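Asks: The lines below spell out each chain.
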Amino acid sequence: MTEAVITRSPRTPTEAIFMVDIEAGASFVHEIKRGQFVRIVDIEGNQAVDTLFYNAHDYADRYSAQDTIRAQGNIYLTTGTKLISTARNVLLTIVADTCGRHDTLGGACSAESNMVRYAIEKRSMHACRQSFLKGAIQWSDKTGRDFGKRDLTANINFFMNVPVTTSGKLTFEDGVSNAGKYVELQAETDTLIVISNCPQLNNPCNAYNPTPVRLLIWDAATNESMDQK
Amino acid sequence: MSSEVLWEETLSGSSTWSHVLKRGTALRITAGGDHANVGAIFLNADNPSERLNLPDTLKAQHIARLTTGAVLFSDMGRILCSITDDTLGWHDPLGGCSDATLVAEKYGALTYQKAHNDWHQNALDGFLLELEKYGLNRRDLMMNVNFFSKVEVQEDGSMQFVEGHAKDGSTVELRAEMNTLVILNTCQHPMDSDREYRQTPVTLTLKRVPAPGSEDICRKFRPENERGFLLTERYFQ
Numbered sequence: 001m002t003e004a005v006i007t008r009s010p011r012t013p014t015e016a017i018f019m020v021d022i023e024a025g026a027s028f029v030h031e032i033k034r035g036q037f038v039r040i041v042d043i044e045g046n047q048a049v050d051t052l053f054y055n056a057h058d059y060a061d062r063y064s065a066q067d068t069i070r071a072q073g074n075i076y077l078t079t080g081t082k083l084i085s086t087a088r089n090v091l092l093t094i095v096a097d098t099c100g101r102h103d104t105l106g107g108a109c110s111a112e113s114n115m116v117r118y119a120i121e122k123r124s125m126h127a128c129r130q131s132f133l134k135g136a137i138q139w140s141d142k143t144g145r146d147f148g149k150r151d152l153t154a155n156i157n158f159f160m161n162v163p164v165t166t167s168g169k170l171t172f173e174d175g176v177s178n179a180g181k182y183v184e185l186q187a188e189t190d191t192l193i194v195i196s197n198c199p200q201l202n203n204p205c206n207a208y209n210p211t212p213v214r215l216l217i218w219d220a221a222t223n224e225s226m227d228q229k
Numbered sequence: 001m002s003s004e005v006l007w008e009e010t011l012s013g014s015s016t017w018s019h020v021l022k023r024g025t026a027l028r029i030t031a032g033g034d035h036a037n038v039g040a041i042f043l044n045a046d047n048p049s050e051r052l053n054l055p056d057t058l059k060a061q062h063i064a065r066l067t068t069g070a071v072l073f074s075d076m077g078r079i080l081c082s083i084t085d086d087t088l089g090w091h092d093p094l095g096g097c098s099d100a101t102l103v104a105e106k107y108g109a110l111t112y113q114k115a116h117n118d119w120h121q122n123a124l125d126g127f128l129l130e131l132e133k134y135g136l137n138r139r140d141l142m143m144n145v146n147f148f149s150k151v152e153v154q155e156d157g158s159m160q161f162v163e164g165h166a167k168d169g170s171t172v173e174l175r176a177e178m179n180t181l182v183i184l185n186t187c188q189h190p191m192d193s194d195r196e197y198r199q200t201p202v203t204l205t206l207k208r209v210p211a212p213g214s215e216d217i218c219r220k221f222r223p224e225n226e227r228g229f230l231l232t233e234r235y236f237q
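In the order they appear, the protein sequences are chains G and X.
Just so you know, full-length UniProt numbering puts the end of the first sequence at 229, numbered straight through with nothing missing.
Just so you know, full-length UniProt numbering puts the end of the second sequence at 237, numbered straight through with nothing missing.
Looking at chain G on its own, in the form it has when it is part of the complex (with noise of 0.2 Å):
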């Protein structure tokens, strides 16, 4: 594996505005404002944090997977990365990146996708995808706009490894990322985040044992104060 570039942001915790600690197996959902920055950071180590992007004036225009790929002409998402909507509209930048590089391809896990990945009788156990929809049912309750599993699309995993071979295999790697790492990025448009912290209790990557992360955000001001400095 090539070395990763490792990027620093300039700003500090006491400075967010907002800041909560999502458990495992917990959603979490929330509206970025355009200039905004976010941060995640995995408390703990390799953790994997699943994550849907949308433009907050039209969820139907959302993060494209292939469409971000495609644009940076690499599989790996870091420092620099702009995430690329279906309507082909930037959403948010990588602006710092402590872990290196980040997933797309690998999706999130699923009740469904547990049976057939491990054993028929692991659908009972807590996945991904039912955090997605539990976000997405409160956040549509809570809004009143029409939120559901149609929306459920491609997402990224935040500090999850997953490396494609020039032969065409897809690997899973243990995970890059240790405690403390983030990765950060600035909304270029107003954005709808849904989060799924990991639940994943099948897969050695996060020793089977998935941790809280902590998420942050800072107005678009503190960009502006730290650029002057």
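Hints in this document: simulated from the structure, not taken from any laboratory.
Mixed in with the good hints there might be a few duds.
[To be verified] The calculated lysine-lysine pairs, modelled on BS3-like cross-linking and capped at a C-alpha distance of 25 Å, are:
(1) K220/X to K149/G
(2) K220/X to K22/X
(3) K167/X to K169/G
(4) K207/X to K122/G
(5) K82/G to K122/G
(6) K82/G to K167/X
(7) K169/G to K133/X
(8) K207/X to K22/X
Note that this is a predicted model, so its numbers are computed, not measured.
Dock chain X against chain G, hints included.
Replies: For chain X alone, coordinates are given in the frame of chain G:
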């Protein structure tokens, strides 16, 4: 494998087509020239909220290319179609589809008045128009497959479109394991570095085929596929 041809038609280049491929039938696609590309999406025709999930398809089978033996998994752990035969060994699940801006930038604008049916179409608009005919829309768009195309990924993650992969007469055969709404289009691959706008037709052959047996090549491809077939069979019981 014994089979009975039901009908055959030619789909011209740069156009879109759809059909509900019934369980027990198969669609054979034959390239009508070099440079062929067939972008495709798949939904359960009886309940279109169930649709192709490419990440599940790739990770269940540990593949980043599609070939004989591989199956196309839905987001519900079932199999929409199986790839029972192909002559290329590699069909692309990564490159996505072209859009109007990409086509105009790459090949220039060509209007209908000037070019009639040779005007410059794109895959995204084709998918959206065809989805609309089934009461579906942008919310139902998904990651697409590109049959006949090859995108290689290097160790550093960089992606390269492989020139000259598809040849005239290349084939791929898809067996429907559900009643599967298939939407195809023949627009060029979005990463095709060829600067000429090509319109390569394909021949579509629909056949009636026997149900997959216990030693079926797709069933045996991976233990995951065996479980996918089991879940699909339960759905029809």
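Asks: Look at each hint and say if it fits the structure.
Replies: We went through each hint and held it up to the structure:
no., hint, verdict
1, K220/X to K149/G, "31 Å, violated"
2, K220/X to K22/X, "22 Å, holds"
3, K167/X to K169/G, "23 Å, holds"
4, K207/X to K122/G, "36 Å, violated"
5, K82/G to K122/G, "36 Å, violated"
6, K82/G to K167/X, "35 Å, violated"
7, K169/G to K133/X, "36 Å, violated"
8, K207/X to K22/X, "10 Å, holds"
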